[in-house]
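Colleague: Those protein sequences? They're chains A and B, same order as listed.
Under our numbering, the first residue of the first sequence carries the number 1, and numbering increases by one thereafter.
Under our numbering, the first residue of the second sequence carries the number 1, and numbering increases by one thereafter.
What the hints contain is simulated information worked out from the structure, not anything from laboratory work.
We put the beta carbon where it would ideally sit given N, CA and C, even for glycine.
Check before you lean on any hint, since a few could be wrong.
[Claimed, not checked] Some chain B residues judged to face chain A by a derived CB distance under 10 Å, without partners named:
| id | residue |
| --- | --- |
| 1 | Pro178 |
| 2 | Glu183 |
| 3 | Arg187 |
| 4 | Val230 |
| 5 | Ser244 |
| 6 | Ala313 |
| 7 | Ser320 |
| 8 | Asp325 |
| 9 | Pro332 |
[Said to hold, decoys possible] DSBU-like, lysine-lysine: derived pairs with alpha carbons at most 30 Å apart:
| id | chain 1 | residue 1 | chain 2 | residue 2 |
| --- | --- | --- | --- | --- |
| 10 | B | Lys173 | A | Lys96 |
| 11 | B | Lys303 | B | Lys173 |
| 12 | B | Lys30 | B | Lys17 |
| 13 | B | Lys120 | B | Lys290 |
| 14 | A | Lys126 | B | Lys281 |
| 15 | B | Lys290 | B | Lys303 |
| 16 | B | Lys99 | B | Lys120 |
| 17 | B | Lys30 | B | Lys78 |
| 18 | B | Lys290 | A | Lys96 |
| 19 | A | Lys96 | B | Lys144 |
| 20 | B | Lys99 | B | Lys30 |
| 21 | B | Lys78 | B | Lys290 |
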Amino acid sequence: MQDQPTASELVEAVADFIRNHAMPQLQGHAAFHARVAANALDIVKRELDVAPTANAEEASRLAALLGMEASLEELNRELCRRIEAGEVGLDTPGLKDHLWRTTLTKLSIDQPNYSGYRRALDEEAKG
Amino acid sequence: MTGGSNPIEAPLAEVVKAHIEGTTGITGLKRLSGGASQETWSFDATTAGETVPLILRRAPGGSRPPSETAVGLATEAKLIELAGAASVPVPTVRYVLAKEDGIGDGFIMNRVAGETIARKILRDDEFANARPILARQCGEILAKLHSVDRAALPPLRISPAESEIAQYRNIYKAHGHPHPVFELALRWLADNTPPPSTAHTLVHGDFRNGNLMIGPDGIRAVLDWEIAHVGDPMEDLGWICVNSWRFGNIDQPVGGFGTREDMFEGYEAAGGGTVDPARVKFWEVLGTLKWGIMCTIMVTAFKTGADRSVERATIGRRSSETEIDLLRLLAPLA
Numbered sequence: 001m002q003d004q005p006t007a008s009e010l011v012e013a014v015a016d017f018i019r020n021h022a023m024p025q026l027q028g029h030a031a032f033h034a035r036v037a038a039n040a041l042d043i044v045k046r047e048l049d050v051a052p053t054a055n056a057e058e059a060s061r062l063a064a065l066l067g068m069e070a071s072l073e074e075l076n077r078e079l080c081r082r083i084e085a086g087e088v089g090l091d092t093p094g095l096k097d098h099l100w101r102t103t104l105t106k107l108s109i110d111q112p113n114y115s116g117y118r119r120a121l122d123e124e125a126k127g
Numbered sequence: 001m002t003g004g005s006n007p008i009e010a011p012l013a014e015v016v017k018a019h020i021e022g023t024t025g026i027t028g029l030k031r032l033s034g035g036a037s038q039e040t041w042s043f044d045a046t047t048a049g050e051t052v053p054l055i056l057r058r059a060p061g062g063s064r065p066p067s068e069t070a071v072g073l074a075t076e077a078k079l080i081e082l083a084g085a086a087s088v089p090v091p092t093v094r095y096v097l098a099k100e101d102g103i104g105d106g107f108i109m110n111r112v113a114g115e116t117i118a119r120k121i122l123r124d125d126e127f128a129n130a131r132p133i134l135a136r137q138c139g140e141i142l143a144k145l146h147s148v149d150r151a152a153l154p155p156l157r158i159s160p161a162e163s164e165i166a167q168y169r170n171i172y173k174a175h176g177h178p179h180p181v182f183e184l185a186l187r188w189l190a191d192n193t194p195p196p197s198t199a200h201t202l203v204h205g206d207f208r209n210g211n212l213m214i215g216p217d218g219i220r221a222v223l224d225w226e227i228a229h230v231g232d233p234m235e236d237l238g239w240i241c242v243n244s245w246r247f248g249n250i251d252q253p254v255g256g257f258g259t260r261e262d263m264f265e266g267y268e269a270a271g272g273g274t275v276d277p278a279r280v281k282f283w284e285v286l287g288t289l290k291w292g293i294m295c296t297i298m299v300t301a302f303k304t305g306a307d308r309s310v311e312r313a314t315i316g317r318r319s320s321e322t323e324i325d326l327l328r329l330l331a332p333l334a
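So here's chain B without its partners, still in its complex pose (with noise of 0.2 Å):
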């Protein structure tokens, strides 16, 4: 993508002028992949001496209504400076647009190095040092996460398992096909749901693979806080032990690189509290049947017309991934 062509490019170098100290311009912008709905762009910016990293993350188009779970672009922003100031790794942010610098909602923050591919992070020997470490990590981040104040927070929903499991029902009741293994997950749900968290805490709700941005010494960020909310602290221990998230490595339950032991021991030794594996497992089934209506839902829109890519009509293809897991975990073979 040239520069002059990009629309956004000379209101957002007068925005980085204005807002971010001895800066003199931007070059590099270039929109990245990823991030369905909410658009995230590279750039850097220059200075007298060297360029500064970063990113934009802003509405499609500018704009968009908000979603029934989506936090907003603002609140986002909030997040990650309250997050960081409880010690979880974030990129700083460095500016959150207003309505007069006329490219929509959205902040600017680091552009922080590293990768969030899974693949590779499982894969490539650059990683190597780092995988070991990395279960424990994810422990000790989510521990100091949920340690944020609540008192400190900006409104955000609150959603403990009963109104997660309602809200995916309900999904999954308006796409109409049915499902016997999900009908199964949702009836050992309901039985099994445990007693309300006595301790409500904020909730990152997407803490896996590829909202982690993970260099070859550890986790180096948490991205992507868009559907945080407040409930069951637990809630983001299960969802990372998705089988679906540990891209091949099954025995590496934790985001296919380490073991529940080590991420509860972390989250212990961090101060977050006694761990109750059983009610980690509750968020493990439904995180999995989560993901399986997600897949699901990805069907509607392309009988819609909305998407009639392949890539999205195949995804649909994949919410029987679930269903195996989701056996796996309720009425085993073994």
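Excised from the complex, chain A in its bound form (with noise of 0.2 Å):
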């Protein structure tokens, strides 16, 4: 176990000195990669804050749809090998569902502020 404070937290301080300190100093092209090297780490919070409890879901699910033990890395593997085989599709119980709970945690750490994204959780929420 490590010390406080987290590495979430610890990652955010970066990323607000750079927002809120560096960036205001710098023009051009270095203020440019200042913003999207800020937005990398907010990337890396969001995950540090999300991935480990989604992952695991993701491979019990994975595990559930496959019926089988495996890395994370390796059930993906297999779930596109079936895919690809067609001897999973969309008609196949679960997949659907996995799917799209997979791709929208992926887009809450990646780019929760895409269009495709917002919409989505609306759908859901009507849905």
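Once you've looked at the hints, go ahead and assemble the two chains, each given alone in its own frame, into the complex.
Modeller: See below:
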């Protein structure tokens, strides 16, 4: 177990430093790249916060769907293989739900402001 | 960038003086951002009276090995001329560089005033009157573009749906990271490939925001003919509907500015033939997958060390955008 502050809190502090202290002193390309760097740290922070639980849930959904135990990456490779072979498809119980949950999680980490994600959340709330 | 320090400035000035009538030199040479695979330079030719705004399109560093999909700059210039003759708005090509000019492969064309940045076109007041007409214009322009006589075309790769799918499947497989949603899309595309188009035409291949020069009066020029090919004309109509090119305006499927119906009407009214919306949707799905795979391969350039920039690295985290778009297309929640 590590000490405080958490990795997530450290990353957040660095992102704040870049945005609020470094960026205002930069110009042109350097300012642009600083913004990109701060956005990348936001991704890291969200991944630190979300992925441990979400990845465990993804792995248990995959294990149930595929009927096997393996690492998360191996499970994903096996799912890919079965979709490609036509052994698993949208008519397979649980596949659509699994892909939606997994993809919504990816977007909540990668690009939570993306239009397609915002719309999907609205549609999910209505459905 | 100051004048004399640029090594292409002096030879470019000689080329312009020799081949563009009435010119006495050049000023204001600067490299424009954008165009990862080709260099684009802006400059003005001076004459006795006024200045002539021009663009140089040039291979990076003057030359590059031909890539699998890019047409080469001399071909690009020829396509622009043919499209212009078919009433597609394009910048007039003024001169195609020859070997003896000493500044590599490329061509000089007129610089058309306007805006290519989607966020400005979709939001700024300056374009408020243009926005409602853009989707129909896209349809009209694509109808003309697809009418270019195939017999007059320079040699181009022929790439119908099957070969586009195979090309991107190979890139995805070579990258190696598992994407179940991409597999689902590949499977759907294989199961839903429309029958071969009876009429293959010239296809622009990258007709979208960013490659359209737009003014307050509408579309002024179609740019970047680098990945043009011969194929299903519906490819161009599907590509501009990919959600990534709507830049947030998700309810305006054509480029974030208009409706499919307006684009299809414009296409048919300008002689483009009857539009099959299912075929356009097929190309929208394939286009969405293509962009997703392109985002993943950006990671390769980062991981191999070819480009260690944070910007390059983070593009890899945008492929998930296309996964949610693919799910909304193929397995909608509602």
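Colleague: A closest beta-carbon separation below 10 Å is what the hint needs, so does proline 332 (chain B) meet it against chain A?
Modeller: holds (8 Å)
Colleague: Holds or violated: lysine 96 (chain A) with lysine 144 (chain B), Cα cutoff 30 Å?
Modeller: The hint is violated at about 41 Å.
Colleague: Identify whether the interface hint at serine 320 (chain B) stands, where standing means a beta carbon of chain A within less than 10 Å of its own.
Modeller: Result: holds, 4 Å to nearest chain A Cβ.
Colleague: Does the nearest C-beta of chain A fall within a distance shorter than 10 Å of the C-beta of glutamate 183 (chain B)?
Modeller: holds (4 Å)
Colleague: Holds or violated: alanine 313 (chain B) as interface residue toward chain A, Cβ cutoff 10 Å?
Modeller: holds (7 Å)
Colleague: Does the alpha-carbon distance linking lysine 99 (chain B) and lysine 120 (chain B) stay inside the 30 Å limit?
Modeller: violated (39 Å)
Colleague: Is the straight-line distance between the alpha-carbon of lysine 126 (chain A) and that of lysine 281 (chain B) 30 Å or less?
Modeller: At roughly 25 Å apart (the allowed maximum being 30 Å), lysine 281 (chain B) and lysine 126 (chain A) satisfy the hint.
Colleague: If you draw a straight line from the CA of lysine 99 (chain B) to the CA of lysine 30 (chain B), is it 30 Å or shorter?
Modeller: holds (22 Å)
Colleague: Take the C-alpha atoms of lysine 173 (chain B) and lysine 96 (chain A), compute the straight-line distance between them, and say whether it is at most 30 Å.
Modeller: holds (23 Å)
Colleague: Could you check if serine 244 (chain B) really has its C-beta closer than 10 Å to a C-beta on chain A?
Modeller: Hint on serine 244 (chain B): holds, closest Cβ of chain A at ~9 Å, below 10 Å.
Colleague: Measure nothing beyond the straight line between the CA atoms of lysine 290 (chain B) and lysine 96 (chain A); if it is 30 Å or shorter, mark the hint as holding.
Modeller: holds (22 Å)
Colleague: Against chain A, run the beta carbon of proline 178 (chain B) and see if the smallest gap drops under 10 Å.
Modeller: holds (4 Å)
In this structure, the earlier hints numbered 4, 16, 19 are contradicted, and the remaining ones agree with it.
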